[in-house]
Amino acid sequence: MNFNNWKIQLRKGLLELVVLKLLSSGQFYGYEMVKTLKTIKGFSIREGNIYPILARLKTDKLVVIEQQVSPDGPVRNSYAITEAGRLMLEKMTAHWKDVIETIDTLTAGDTK
Amino acid sequence: MKDTNDWKQICSEYLANVDAALVNATVEEKQQILNDITIHLNERYHELSDEEQTWEHYQQILTDLGPVEDYAELLNEKSPDKKKFQKHRKAFWILLCAGIGCVSVLACSIGFFSHSAIKKARESKRPVVVKTFPAALDRTVDPDTTEITVTFDQPMMNFSWSWVGGGEHFPETTGQPRYDKERTTCTLPVKLKPGHWYWVGINSEKFVYFQTAKHIPAKPYAILFATADKNGNPTEIPIDYIEETKRVNSK
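Protein sequence lines correspond, in order, to chains P and X. Position one of the first sequence corresponds to residue 1 (the working numbering), numbered consecutively onward. Position one of the second sequence corresponds to residue 1 (the working numbering), numbered consecutively onward.
To be clear, the hints were calculated from the coordinates, so they are not data collected in a lab. Just so you know, even glycine gets a beta-carbon here, dropped at the ideal spot from N, CA and C. Keep in mind that the hints are not guaranteed to be accurate.
[Said to hold, decoys possible] Below, a list of computed lysine-lysine pairs in the PhoX-like style, where the Cα atoms sit at most 20 Å apart:
no., chain 1, residue 1, chain 2, residue 2
1, P, 58, P, 91
2, P, 35, P, 91
3, X, 30, P, 61
4, P, 41, P, 21
5, P, 58, X, 219
6, P, 12, P, 38
[Stated by the list, open to error] With beta-carbon atoms standing in for the labels, derived distance ranges:
no., chain 1, residue 1, chain 2, residue 2, range
7, P, 93, X, 140, 53 to 63 Å
8, X, 135, P, 64, 46 to 56 Å
9, X, 49, P, 27, 26 to 36 Å
10, X, 173, P, 91, 14 to 24 Å
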């Protein structure tokens, strides 16, 4: 098994969870989100990866877009989480905790 | 020194490549992604100082965004809305194909077009590999080699490639692929092991992102090679892989 491939697959799965989690704290511009995600240790993403994720979340009505016009800059897309997005985030977070717990149990077994 | 032409050129190429890669996206998804990337590129560009406005920095911005295949990969899951869209799209395609069929029959009957002639003309425009490093079937490649390169006979679409392969016989990559300024040579940064054989596909039946700006895919090619062992001796390559390489490269 290739460790890098495994890391990429894991990161893909987590991207939706992380994006929803981030948006649950408030509205973000796409590029602003990229800059925030890049500061999370161990979660290095390619900058463009976020945009298909946002498009899919919008298709699934988990986020909404608001176009904002700035007098001294271009139109920017501001993203916000919807109520359906919050419910999905709750489910995903609960499942993620289960996964972590299971892995912790297995890891604890290894160190005995 | 500022060179906005370079910047505009590489941005439009990147966006065209993303557009071409998003074959399964709905119209809305595609528009949104392209719009977001355009805004992103704009913001990154405005962060550059005057000294940083160079070809290398522009390339870096695109490298940071990532390869265009990523967009398609991250969108590969079909949403219910998309299925609905595809249902209507099927009816549209049936009608369109019927229309095209009638036109084709008419065209053929009056002898203006021949399908085989069009196919042949397109085939003749397909890019071909003219050089690779390492060369295919070389069994004494220096294990300290850090780059694999492929050169085509014509300029290719920037930021678009299909280095095909996987598993233990595909080299460990150490960075993103990149084209030279002429866009005829693409380089893949790698780390090799001594006494090991590698298979690196350039396009395949399924993966065709080595293509021209007009979306004409390059003919598939295989770079099968082996690194010398620790004593500098050639390394054996399985005969079936050698045969397959000869078959692919002779097409």
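Status of each hint after checking the structure:
The hinted pair formed by residue 58 of chain P and residue 91 of chain P meets the criterion: a straight-line CA distance of about 18 Å does not exceed 20 Å. Proposed proximity of residue 35 of chain P and residue 91 of chain P is contradicted: the alpha carbons are some 26 Å apart, above 20 Å. At most 20 Å may separate the alpha-carbon atoms for a hinted pair to count; residue 30 of chain X and residue 61 of chain P meet this at roughly 16 Å. Annotation: proposed proximity of residue 41 of chain P to residue 21 of chain P holds, straight-line Cα distance about 16 Å (limit 20 Å).
A distance of roughly 38 Å separates the Cα atoms of residue 58 of chain P and residue 219 of chain X; the hinted pair therefore is violated under the 20 Å criterion. In summary, the hint linking residue 12 of chain P to residue 38 of chain P is supported, as the alpha carbons are separated by about 15 Å, within the 20 Å threshold. Here the CB-CB span from residue 93 of chain P to residue 140 of chain X is close to 54 Å, well matched to the stated 53 to 63 Å. The hinted range of 46 to 56 Å is satisfied by residue 135 of chain X and residue 64 of chain P, whose Cβ atoms lie roughly 54 Å apart.
At about 29 Å, the CB distance of residue 49 of chain X to residue 27 of chain P agrees with the hint of 26 to 36 Å. With their beta carbons about 35 Å apart, residue 173 of chain X and residue 91 of chain P fall outside the hinted range of 14 to 24 Å.
The structure shown violates the earlier hints numbered 2, 5, 10.
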